[in-house]
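From first to last, the protein sequence lines stand for chains B and D. So the first sequence is residues 0 to 401, counted in numbering that gives the first Met the number 0. So the second sequence is residues 0 to 356, counted in numbering that gives the first Met the number 0.
If you're looking for bench data, these hints aren't it; they were derived computationally from the structure. Check the hints yourself; a few may be wrong.
Said to hold, decoys possible - As a list, the in silico PhoX-like pairs of lysine-lysine whose alpha-carbon atoms are at most 20 Å apart: (1) 126/D <-> 4/B; (2) 209/D <-> 65/B; (3) 260/D <-> 165/D; (4) 253/D <-> 209/D; (5) 244/B <-> 4/B; (6) 300/D <-> 165/D.
Unchecked claim - Chain D stretches covered by chain B per the calculated footprint, using a threshold of three residues with CB under 8 Å from any CB of chain B: (7) 107–113; (8) 135–147; (9) 205–211.
Unchecked claim - Listed next, the stretches of chain B that the computed footprint assigns to chain D, with coverage defined by at least 3 CB atoms under 8 Å from CB atoms of chain D: (10) 113–124; (11) 386–400.
Every residue gets a Cβ at the ideal spot worked out from N, C-alpha and C, and that includes glycine.
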Amino acid sequence: MSAPKLVVTGYDAICSQAHSAAELGTKLGSAPRVGRRKVFGMHECAAEMPAYLVEGLEPVEILGRKGLRTKDWATKMLLCCLHHGFSEALEHSDASLRPGLCLGTAFGSVASIGDFLSDSIENGVNSVNPQAFANTVINAPISNGNIRFGVKSLSATVSTGFNASLDAVVYMADFLRCGHASRAVVGGMDEVSYYELIGLQRTGLLSTTPAARPFAVDADGVVPGEGCGLILLETADAAREAGRKPVAEIAAWCTAFDPGLAAGERDAGTGVMTYVMNAACREAGLSPASLDLIAASAGGHPLLDRLEAEAIEEVAGTSAPVTAYKAKLGECFGASSALSTVCALLDLADRRITGVGRDYQSRNTIDLVTEDRVGVDGEHVMINAFSCDGNCGSIILSLSNK
Amino acid sequence: MLDFDPGSFLSQSETARMGRSSQFAVAATSMALEEARLEPNSLNPYRIGVVMGTTMGEPQILEEGIRGIYRHPGPEGVPATLPRRYPCNVISTNVARRLGARGPLSMIPTACAAGNYAIGYASDLVKLNRADVVIAGGSDPFSRIAFTGFNRLLATSAEACRPFDKNRDGMAVGEGAGILVVEELEHARARGASVAAEVAGYGLGCDAFKMTIPDPAGGGGIEALRRAISTSGIEPGSIDYVCAHGTGTRENDKSETVILKNVLGEAAYTTPVSSLKSMIGHTMGAASAIEAAACVLMMRKGTILPTINYSDPDPECDLDYVPNRAREKELNIVVSNAYAFGGNTSSLILRRMRGEA
Numbered sequence: 000m001s002a003p004k005l006v007v008t009g010y011d012a013i014c015s016q017a018h019s020a021a022e023l024g025t026k027l028g029s030a031p032r033v034g035r036r037k038v039f040g041m042h043e044c045a046a047e048m049p050a051y052l053v054e055g056l057e058p059v060e061i062l063g064r065k066g067l068r069t070k071d072w073a074t075k076m077l078l079c080c081l082h083h084g085f086s087e088a089l090e091h092s093d094a095s096l097r098p099g100l101c102l103g104t105a106f107g108s109v110a111s112i113g114d115f116l117s118d119s120i121e122n123g124v125n126s127v128n129p130q131a132f133a134n135t136v137i138n139a140p141i142s143n144g145n146i147r148f149g150v151k152s153l154s155a156t157v158s159t160g161f162n163a164s165l166d167a168v169v170y171m172a173d174f175l176r177c178g179h180a181s182r183a184v185v186g187g188m189d190e191v192s193y194y195e196l197i198g199l200q201r202t203g204l205l206s207t208t209p210a211a212r213p214f215a216v217d218a219d220g221v222v223p224g225e226g227c228g229l230i231l232l233e234t235a236d237a238a239r240e241a242g243r244k245p246v247a248e249i250a251a252w253c254t255a256f257d258p259g260l261a262a263g264e265r266d267a268g269t270g271v272m273t274y275v276m277n278a279a280c281r282e283a284g285l286s287p288a289s290l291d292l293i294a295a296s297a298g299g300h301p302l303l304d305r306l307e308a309e310a311i312e313e314v315a316g317t318s319a320p321v322t323a324y325k326a327k328l329g330e331c332f333g334a335s336s337a338l339s340t341v342c343a344l345l346d347l348a349d350r351r352i353t354g355v356g357r358d359y360q361s362r363n364t365i366d367l368v369t370e371d372r373v374g375v376d377g378e379h380v381m382i383n384a385f386s387c388d389g390n391c392g393s394i395i396l397s398l399s400n401k
Numbered sequence: 000m001l002d003f004d005p006g007s008f009l010s011q012s013e014t015a016r017m018g019r020s021s022q023f024a025v026a027a028t029s030m031a032l033e034e035a036r037l038e039p040n041s042l043n044p045y046r047i048g049v050v051m052g053t054t055m056g057e058p059q060i061l062e063e064g065i066r067g068i069y070r071h072p073g074p075e076g077v078p079a080t081l082p083r084r085y086p087c088n089v090i091s092t093n094v095a096r097r098l099g100a101r102g103p104l105s106m107i108p109t110a111c112a113a114g115n116y117a118i119g120y121a122s123d124l125v126k127l128n129r130a131d132v133v134i135a136g137g138s139d140p141f142s143r144i145a146f147t148g149f150n151r152l153l154a155t156s157a158e159a160c161r162p163f164d165k166n167r168d169g170m171a172v173g174e175g176a177g178i179l180v181v182e183e184l185e186h187a188r189a190r191g192a193s194v195a196a197e198v199a200g201y202g203l204g205c206d207a208f209k210m211t212i213p214d215p216a217g218g219g220g221i222e223a224l225r226r227a228i229s230t231s232g233i234e235p236g237s238i239d240y241v242c243a244h245g246t247g248t249r250e251n252d253k254s255e256t257v258i259l260k261n262v263l264g265e266a267a268y269t270t271p272v273s274s275l276k277s278m279i280g281h282t283m284g285a286a287s288a289i290e291a292a293a294c295v296l297m298m299r300k301g302t303i304l305p306t307i308n309y310s311d312p313d314p315e316c317d318l319d320y321v322p323n324r325a326r327e328k329e330l331n332i333v334v335s336n337a338y339a340f341g342g343n344t345s346s347l348i349l350r351r352m353r354g355e356a
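The whole structure should be built from the sequences, with the hints applied where relevant.
Here is the structure:
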């Protein structure tokens with residue numbers, strides 16, 4: 000089977016820092032915007048919770064009123080990102096040329112599921128709004144995208160925890176490589192909800208600090224965030240036919256599973272992490288030392304951050320600069336690696352690397368970028384996603400203007 | 000599944016840390032590996048993948064957590080061990096942990112079409128040489144959410160699920176898991192496996208119509224079936240049997256009939272079509288995986304399972320639905336359709352491997 004070259008021809012994002020990729024490009028280096036909220040849907044937390052929330056986004060202003068009444072926040076956020084970033088491709092007059100849609104999400108519609116259940120428990124099963132049931136399936140957000148834009152070629156959802164958007168990109172890359180389609184908008188989305196916060200709190204994953212601190216020597220957990228990151232992925236031939244200029248090529252990818260991490264073993268090693276990073280480099284024909292940037296998965300999880308630092312040190316030593324965009328955007332769960340991808344593309348296009356900041360003591364065995372670096376002439380970036388449920392993945396993007 | 004005993008397949012500690020959906024999936028995996036005579040420990044763990052599908056994931060875990068919140072407001076009401084058991088990817092994770100698999104792992108929760116998506120992706124991973132063996136399928140448990148939701152949508156039958164019947168009035172919600180061992184052919188031959196069937200091809204599409212109602216014109220289903228036929232390299236007239244999505248709702252069965260007529264043409268009237276959901280209910284994300292396993296068995300035995308509870312023909316559903324009695328027929332190429340909330344559509348084509356099963 001011949002392998003078509005896969006290119007990124009567009010990207011967009013909504014996150015706490017910005018409501019579009021263009022805005023994010025100017026605000027990525029600014030101080031992170033951590034919000035606080037106590038009331039989430041039907042429930043209220045005991046105290047205000049710090050979270051990297053998407054605030055000020057008005058879906059009705061962007062999408063109009065029609066069709067939004069019964070949609071949940073996750074769906075609205077996704078529809079706004081699709082509308083803002085990909086309208087031209089999604090509204091192509093020839094429906095057969097519209098890209099398919101594929102979304103990664105860790106929790107999907109958990110807020111809708113939780114509220115639906117809460118409603119049925121509080122008020123009885125006969126009181127629940129049947130239209131709300133449609134929001135409870137995990138594939139609801141992206142399916143609403145298909146309906147809104149009339150996309151009939153593909154609708155898919157991938158849910159592999161915090162790795163979901165990286166795995167969605169991998170799924171679509173494999174899908175395109177097999178010739179099932181020639182283009183898709185793919186990425187990730189997750190929202191902050193009461194149910195996630197309770198879950199993270201009970202499992203000890205929430206940080207006691209109000210700000211994300213990737214690779215902190217005393218990292219103690221994550222600070223949740225929300226958002227949506229999407230890319231337009233096409234075969235090079237399809238991009239050419241559509242007249243779209245490639246931004247980057249997806250040069251290689253590898254995913255694997257670490258049963259030790261999934262079991263929560265404190266002595267889990269770096270074996271699977273180094274395996275996926277090395278395999279991706281090998282497939283891309285690059286030595287790890289030639290990577291111009293590693294966008295790390297780190298977000299403040301003590302075990303994962305330590306292991307990732309050790310794995311990067313083992314694979315690339317101190318020759319590749321490392322940053323972690325979760326320092327700016329929080330732990331956006333299934334959206335994280337898609338948002339990291341957008342941030343890395345923005346950084347390298349602007350010849351800079353956004354640092355994690357100098358507000359805390361970070362690990363020094365790797366070349367962790369703390370203060371923003373400018374004048375960076377980068378071409379190859381590795382995006383990592385390593386999660387506590389054992390999923391490990393690395394993707395390598397090579398900029399197309401080099 | 001009132002008689003499901005997780006203890007037959009899982010240790011006490013495994014049972015305790017898994018939700019019902021994971022328990023089903025691990026149990027079905029154990030049986031599938033036994034059927035395939037495959038010992039995972041004999042393989043390179045990085046070459047074993049796991050791809051699962053689901054509609055609801057582990058909904059009872061969330062329900063238990065929310066009931067806890069109502070009993071004791073705040074996080075303390077939720078047992079600390081509960082949240083890690085909820086996200087739907089724990090199903091594939093639990094299967095991978097049981098096998099010691101370290102290869103590609105995915106969870107594709109595309110509602111009631113999820114099993115077909117998972118099997119399709121598994122075959123892609125093998126074709127792309129990313130894995131030698133992929134455990135693929137779907138799992139879903141009975142849940143308050145699904146039962147409440149489908150009832151409130153008036154989509155459940157008052158008495159019995161009777162797909163394609165004139166008096167059909169809805170589905171019967173079910174639960175279960177289906178698992179296939181998808182393996183590269185030469186890899187299977189080299190270890191002397193009995194090859195059950197070939198994943199000849201698959202196709203996906205989307206109605207892009209309504210969240211809970213299929214396109215009456217069958218748009219997404221037509222696209223999916225056409226693509227499946229194209230990737231399989233077969234002729235529509237060569238299909239020996241269609242394992243229908245056949246939920247027993249008025250809208251689905253009518254739309255699926257339109258799809259089959261559109262794609263198969265005149266052959267639609269002579270190709271047997273049946274709905275296993277008339278017998279085992281609608282098992283949501285597990286449905287198409289269970290149905291794929293059933294298709295393999297039907298090919299092996301040369302028997303088509305019927306659509307039961309069928310009594311009155313519907314003029315709008317005028318195909319051969321194999322009513323009420325199983326039928327003997329040599330099956331070489333079968334199609335399994337699966338459609339879902341959100342308009343996700345899929346068709347899987349399986350081909351009998353002559354002389355190998």
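Next on the checklist: If you count the residues of the segment 135–147 of chain D with a beta-carbon closer than 8 Å to a beta-carbon of chain B, do you get 3 or more?
Outcome noted: holds (count 3)
Checklist entry - residue 244/B and residue 4/B: Cα distance at most 20 Å? => result OK: residue 244/B and residue 4/B at ~14 Å, within 20 Å.
Next on the checklist: So if I understand the rule, the pair passes when the alpha-carbon distance is 20 Å or less; does residue 126/D with residue 4/B pass?
Outcome noted: Roughly 17 Å separates the two Cα atoms, so the pair holds.
Next on the checklist: Check the hint pairing residue 300/D with residue 165/D against an upper bound of 20 Å on the C-alpha distance.
Outcome noted: Given that 20 Å is the threshold and the Cα spacing comes to 30 Å, the pair is violated.
Next on the checklist: Given the hinted pair residue 209/D and residue 65/B, is their Cα-Cα distance within 20 Å?
Outcome noted: Given that 20 Å is the threshold and the Cα spacing comes to 14 Å, the pair holds.
Checklist entry - Are residue 260/D and residue 165/D close enough, with their CA atoms no more than 20 Å apart? => result Distance of about 18 Å is within 20 Å: holds.
Checklist entry - residue 253/D and residue 209/D: Cα distance at most 20 Å? => result 16 Å, holds
Checklist entry - How about the segment 107–113 of chain D: do at least three of its residues have a C-beta closer than 8 Å to a C-beta of chain B? => result holds (count 4)
Checklist entry - How does the coverage statement for the segment 113–124 of chain B fare against chain D, requiring three or more residues with Cβ below 8 Å from a Cβ of that chain? => result Holds, because 8 residues of the segment 113–124 of chain B bring their Cβ atoms closer than 8 Å to Cβ atoms of chain D.
Item to check | Outcome, coverage of the segment 205–211 of chain D by chain B - at least 3 residues whose beta-carbon is closer than 8 Å to one in that chain | outcome: n = 7 at 8 Å, threshold three: holds.
Item to check | Coverage criterion applied to the segment 386–400 of chain B (partner chain D; beta-carbon cut 8 Å; 3 residues) | outcome: With 3 residues close enough to chain D, the hint holds.
Going down the numbered hints, you'll see the structure goes against just number 6.
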